Each structure stands twice: as C-alpha cells, then as structure tokens.
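Student: Now for the letters of each chain:
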Amino acid sequence: MDRQIRKYYRRHKKDLASLALVFAGIIMFFWIILPQIGEVSDTRSNISTQEQTNADLYESSQTLTALNPQQLDVDFELVMGILPAQKSVGRIFEALTLASGRSNVEIGSLNVQVGNVYSTDQSVVQRGAVDGVPLLNMLVRVTGSGTQDLTEFANMLYETGPIVGINSVGISGSEGRYDLDFYFKPINEKAFEAQTIVTPLTSQQRELLTTLDSWIR
Amino acid sequence: MKNSINLVSKRQAPNRFHKRFFIAGLSFFSVTFLLSVGVIGYQFLLSEQLATLKSEESVLISQVNSDPEKKIKFLTIRERLTEIQKVIARRQDVNSRINAISEVVPGDIGINVIEGDEEEMRVRVAADNLSSLNNLIEERIEEFALEQGKTVKRIEMTSFGLNSNSLLYEATFVIEFNS
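Heads up: the protein sequence lines correspond to chains A and B, in order.
Every letter in the first sequence is one number past the one before it in the working numbering, and letter 1, counting from 1, is 1.
Numbers given in the working numbering equal positions in the second sequence, counted from 1, plus 217.
A portion of the hints provided could be inaccurate.
No more than 16 Å apart at the CA atoms, straight line, and that leaves these computed lysine to aspartate or glutamate pairs for EDC-like [claimed, not checked]: (1) B:Lys370 to B:Glu393; (2) B:Lys370 to B:Asp345; (3) B:Lys370 to B:Asp334; (4) B:Lys367 to B:Glu336; (5) B:Lys370 to B:Glu360; (6) B:Lys303 to A:Glu207; (7) B:Lys367 to B:Glu335; (8) B:Lys370 to B:Glu336; (9) A:Lys190 to B:Asp284; (10) B:Lys236 to A:Asp15; (11) B:Lys370 to B:Glu337; (12) B:Lys303 to A:Asp131; (13) B:Lys367 to B:Glu393; (14) A:Lys190 to B:Glu296; (15) B:Lys367 to B:Glu337; (16) B:Lys287 to A:Glu77; (17) A:Lys190 to B:Glu286; (18) B:Lys367 to B:Asp310; (19) B:Lys287 to A:Asp73; (20) B:Lys271 to A:Glu51; (21) B:Lys370 to B:Glu359; (22) B:Lys271 to A:Asp56; (23) B:Lys287 to A:Glu193; (24) B:Lys287 to A:Glu189.
If you want the footprint, here are the derived chain B segments under chain A, 3+ residues with CB under 8 Å [unchecked claim]: (25) 258–272; (26) 276–288; (27) 381–388.
Among chain B residues calculated to face chain A with C-beta under 7 Å, some are [claimed, not checked]: (28) His235; (29) Lys236; (30) Phe238; (31) Phe239; (32) Phe245; (33) Phe246; (34) Thr249; (35) Leu251; (36) Glu300; (37) Ile301; (38) Lys303; (39) Val304; (40) Gly324.
By construction, these hints were calculated from the structure, which means they are not laboratory data.
Computed from a prediction, not measured in an experiment: that's the story for all the values here.
All residues carry an ideal CB built from backbone N, CA and C; glycine is no exception.
Go ahead and model the full structure; you've got the sequences and the hints to work with.
Tutor: The structure is reproduced here in structure tokens:
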C-alpha cells in the first residue's frame, strides 16, 4: 500500500504544483468570489434604499424649512378646532350655539348618549364610526319657526367644528331632533417625534384647509 | 527490437503535458485571484459609499428634528386633515336628502314631519287643496326620483286622508335610499 502511494507520488510529482493552483483557484471561487457577489448585490440594494431615504429626508427638511411659522400656528388652531384632541362638551355647545344662531333656532336640550364606553368586541361598531377617530354621540332637540330653519340648522352643523356627522333627523312642525356624532382624536406626539419623513400637504389637503377656514369665518 | 527502432522519445509528451497543465492551473488561479481582488475592492468601495450615505442620513435627520415643535405641529395638521377627509367621506348625507325633499314639496304644501336617516326618510305633508297634493304625487315626486337617479330605491305613500281636526289633506311618504 505504502509502496503504491510512493509510486503514484513519483509519477505525478510534477503536477502537484498545478493541482495546488487549481485547488486554490476553486477555493477562492467558492469562498471569496461567490459570497462577495452576494454581498455586493446586498450592498447595492442597501445603497439604493439609503439614497431614497436620504432623498425623502432632504425633501422633509426642505418642507419644514419652507413652512411659515405664523401660518402654521393658524392652520394648527384651525384643524384642532375642527377635530379636537379630546371630547369637550363646552366646544360642542359652542358649535351648536353657532349653528343655531346662524339658522335662527333655539337649542332645547342636549343628551349625551350613554353606552359604548369600551368594548373589545370589534363587531360592535357605532353607527357613524370612522376608523381611528373616536366620537361622542349626542341627541339634540331644537325649536325653530319652521321646517326651513330646522333644515338650515342641520346644514350649519355640517360647517362647524368639532366636525359632526348626522345619524338621523326628525323635524316635526317647529321642533327638530338630531342624532349627532361629534368626532375628536388625541394627538400622538410620541409617534410624531419619532417620524422623520415629512411630506408636504397634497393639493386636496390644501383645498380642505381653505374649506375649513371658510367654516369658521 | 521494435522498441529499439522507435525514434520518438517517450519522455517528451509527459513534459509537455505537465507544462500545459501548470500553465492552465496558473491561469485559472490568476483569474480567480484577480476576480477576488476585484470583487473585494468593489465591495469595499460600495461599503464606503453606504457609510457616507449613512452619515448623510444622520445629518439630515438632525436637520429634520432641529425644530421638533414645528415638525409635530405640521404632522398633526397633516394627520388631522386626513382624518377630517375620512369623516367627511363617511358622514351620512342626511342633510342633502332633507334639502332635496324640501325642494320637491311646493310652497302651498306644508311639511309637517321629516324624519329618518341615510337609508330611509319619512315625510308627512299637509295641504288645504287636493290639486296641490295631486301635483306632488303625480309629477314632482316622479321628477325627484328621476333627478336622484340610482340613489332612490323606492318611494311609497303610506297614508293619505283628511285630518278632521285641521281640515287639511295629509299624505305620508316613505323614501328608501340605496346606501
């Protein structure tokens, strides 16, 4: 056995260097080139993502720099008046008073609808529920000189803040009954602090700001 | 005897084979070596580029967060506008239905009751002469249904009669809407 190996070694002694080179080449191909190609592909993909992130961040920075602080305060007050951070019966009463004044009706009574304080049952959905926006349901009774004023009261309610949805209306003679949902939404400051991408307002949102501004004037 | 007259040396062929094999092995090694160096170098350059972009990102993030109050105010405005859009899209269009119904009823007919929601409205009207009510039933309600298009599902007159107290003719309609 030993003699055979020696014989074989003697016969192929001159090829050992060549074999070693081929073997080293194969090792390099599988241990260095192939894994590095994978790494290069990943890094290129990361660079592409990073370039996009940086472009978004640059745009965010430009968006924030271009904001006028005074106008920002005005817009902030406006949207907070339309969709307040918390339920406030005082603000709701102000809205009802404003709408009643504009439509020549008098508020008779306000009743906050009881129930639906908390439920884990997702199937229990309030009538005017909007995903992610809590609401306070109220039953309002008003008196006016006729159907026209009472209808106008409903129209005026749609142009006040806090923003309101009308579930049902009952107008009978000089009396009106309105089942209303007043919406509010707490501010999630923590989420906004962490957020770094800030996109400018869309044209629709700018139009909406103008519309909301006309409601309070 | 045959071996002694063979003029071709047997040692020449293996030597040439060894040389070719060595050149092939060396070429293969050189190519893989150069490729390895190239790929590692390229990867190094890409890593450097990525590191530069990451440091740029840090600078940009600090720029975005330089005025946190301004950022939070703007993001609040943006979020609230999105939610207000959702509420406006969702809120039931009871008003436009009441307005449309009010416009259908002529001035000489009084609306005693309008009640209902997005899906169904009940209207009770009263008039001192039958011709006005007839005009409402025969023409204006049909015109209203045609104007509303597919919004109106069904209109039904649920009652009609003379109120002995007020001496007015009264009619009640139920209008069903497609939601």
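Student: Now tell me, hint by hint, if it's right for this structure.
Tutor: Results for each hint:
1. At most 16 Å may separate the alpha-carbon atoms for a hinted pair to count; Lys370 (chain B) and Glu393 (chain B) meet this at roughly 5 Å.
2. Between Lys370 (chain B) and Asp345 (chain B), the direct Cα distance comes to roughly 30 Å. Violation of the 16 Å bound is thereby established for this hinted pair.
3. Distance restraint check for Lys370 (chain B) and Asp334 (chain B): the Cα-Cα separation of roughly 14 Å lies within the 16 Å cut-off, and the hinted pair is therefore satisfied.
4. Taken as a hint, the Lys367 (chain B) and Glu336 (chain B) pair is honoured in the structure, with Cα atoms around 13 Å apart against an allowance of 16 Å.
5. Using a Cα cut-off of 16 Å, the hinted pair Lys370 (chain B) and Glu360 (chain B) holds, with the two alpha carbons roughly 14 Å apart.
6. A hinted pair counts as satisfied when its Cα atoms are at most 16 Å apart, and Lys303 (chain B) with Glu207 (chain A) qualifies at roughly 15 Å.
7. The hinted pair formed by Lys367 (chain B) and Glu335 (chain B) meets the criterion: a straight-line CA distance of about 14 Å does not exceed 16 Å.
8. Taking the CA atoms of Lys370 (chain B) and Glu336 (chain B), the gap is about 9 Å. The hint holds against a cut of 16 Å.
9. With a C-alpha separation of about 15 Å, the suggested pair Lys190 (chain A) and Asp284 (chain B) falls inside the 16 Å cut-off, and the hint holds.
10. Restraint check: the Cα-Cα separation between Lys236 (chain B) and Asp15 (chain A) comes to about 9 Å, which is no more than 16 Å; the hinted pair holds.
11. Using a Cα cut-off of 16 Å, the hinted pair Lys370 (chain B) and Glu337 (chain B) holds, with the two alpha carbons roughly 10 Å apart.
12. For the hint pairing Lys303 (chain B) with Asp131 (chain A), the CA-to-CA distance comes to about 8 Å; that is within 16 Å, so the pair holds.
13. For the hint linking Lys367 (chain B) to Glu393 (chain B), the alpha-carbon distance of about 11 Å falls within 16 Å, and the restraint holds.
14. For the suggested pair Lys190 (chain A) and Glu296 (chain B), the alpha carbons sit about 14 Å apart, so the restraint of at most 16 Å is met.
15. For the given pair, Lys367 (chain B) sits about 14 Å from Glu337 (chain B) by alpha-carbon distance, which is consistent with the 16 Å threshold.
16. About 13 Å separates the Cα atoms of Lys287 (chain B) and Glu77 (chain A), which keeps this hinted pair within 16 Å; it holds.
17. About 12 Å separates the Cα atoms of Lys190 (chain A) and Glu286 (chain B), which keeps this hinted pair within 16 Å; it holds.
18. Taking the CA atoms of Lys367 (chain B) and Asp310 (chain B), the gap is near 15 Å; set against the 16 Å cutoff, the hint holds.
19. Straight-line distance between C-alpha atoms of Lys287 (chain B) and Asp73 (chain A) comes to about 9 Å, which keeps the hinted pair within the 16 Å bound.
20. Proposed proximity of Lys271 (chain B) and Glu51 (chain A) is supported: the alpha carbons are some 9 Å apart, at most 16 Å.
21. A hinted pair counts as satisfied when its Cα atoms are at most 16 Å apart, and Lys370 (chain B) with Glu359 (chain B) qualifies at roughly 12 Å.
22. Taken as a hint, the Lys271 (chain B) and Asp56 (chain A) pair is honoured in the structure, with Cα atoms around 14 Å apart against an allowance of 16 Å.
23. Restraint check for Lys287 (chain B) and Glu193 (chain A): satisfied, since their Cα atoms lie roughly 11 Å apart, inside the 16 Å limit.
24. Between Lys287 (chain B) and Glu189 (chain A) the CA atoms are separated by roughly 12 Å; this keeps the pair inside 16 Å, and the hint holds.
25. Counting residues of the stretch 258–272 of chain B whose CB lies closer than 8 Å to any CB of chain A gives 8, so the stated coverage by that chain holds, three being the minimum.
26. Check on the stretch 276–288 of chain B: 9 of its residues sit with their Cβ under 8 Å from a Cβ of chain A, so the three-residue criterion for coverage holds.
27. Counting residues of the stretch 381–388 of chain B whose CB falls under 8 Å from any CB of chain A gives 0; the rule of at least 3 is not met.
28. The interface hint given for His235 (chain B) is met, as the beta carbon of that residue sits about 5 Å from the closest beta carbon of chain A, less than 7 Å.
29. With its C-beta approaching chain A no nearer than about 9 Å, Lys236 (chain B) sits outside the 7 Å limit, and its interface hint is violated.
30. Nearest Cβ of chain A to the Cβ of Phe238 (chain B): about 5 Å, under the 7 Å cut. The hint holds.
31. Against a cut-off of 7 Å between C-beta atoms, the interface hint on Phe239 (chain B) holds, since the closest Cβ of chain A lies about 4 Å away.
32. The beta carbon of Phe245 (chain B) comes within 4 Å of a beta carbon in chain A, closer than 7 Å, and the hint placing it at the interface holds.
33. A hinted interface residue such as Phe246 (chain B) counts as satisfied when its beta carbon comes closer than 7 Å to some beta carbon of chain A; here the least separation is about 4 Å, so the hint holds.
34. The beta carbon of Thr249 (chain B) is positioned within 7 Å of a beta carbon in chain A (closest approach about 4 Å), and the interface hint is therefore held.
35. Interface restraint check for Leu251 (chain B): the shortest CB-CB distance to chain A comes to about 10 Å, outside 7 Å, so the restraint is violated.
36. With 7 Å as the threshold, the beta carbon of Glu300 (chain B) comes within range of chain A, its nearest partner Cβ sitting at about 5 Å, so the hint holds.
37. Taking 7 Å as the C-beta cut-off, the interface hint given for Ile301 (chain B) holds, the closest approach to chain A being about 5 Å.
38. With a least beta-carbon distance of about 5 Å to chain A, the hint placing Lys303 (chain B) at the interface is held under the 7 Å criterion.
39. Because the closest C-beta pair between Val304 (chain B) and chain A is about 5 Å apart, less than 7 Å, the hint holds.
40. A hinted interface residue such as Gly324 (chain B) counts as satisfied when its beta carbon comes closer than 7 Å to some beta carbon of chain A; here the least separation is about 11 Å, so the hint is violated.
In this structure, the earlier hints numbered 2, 27, 29, 35, 40 are contradicted, and the remaining ones agree with it.
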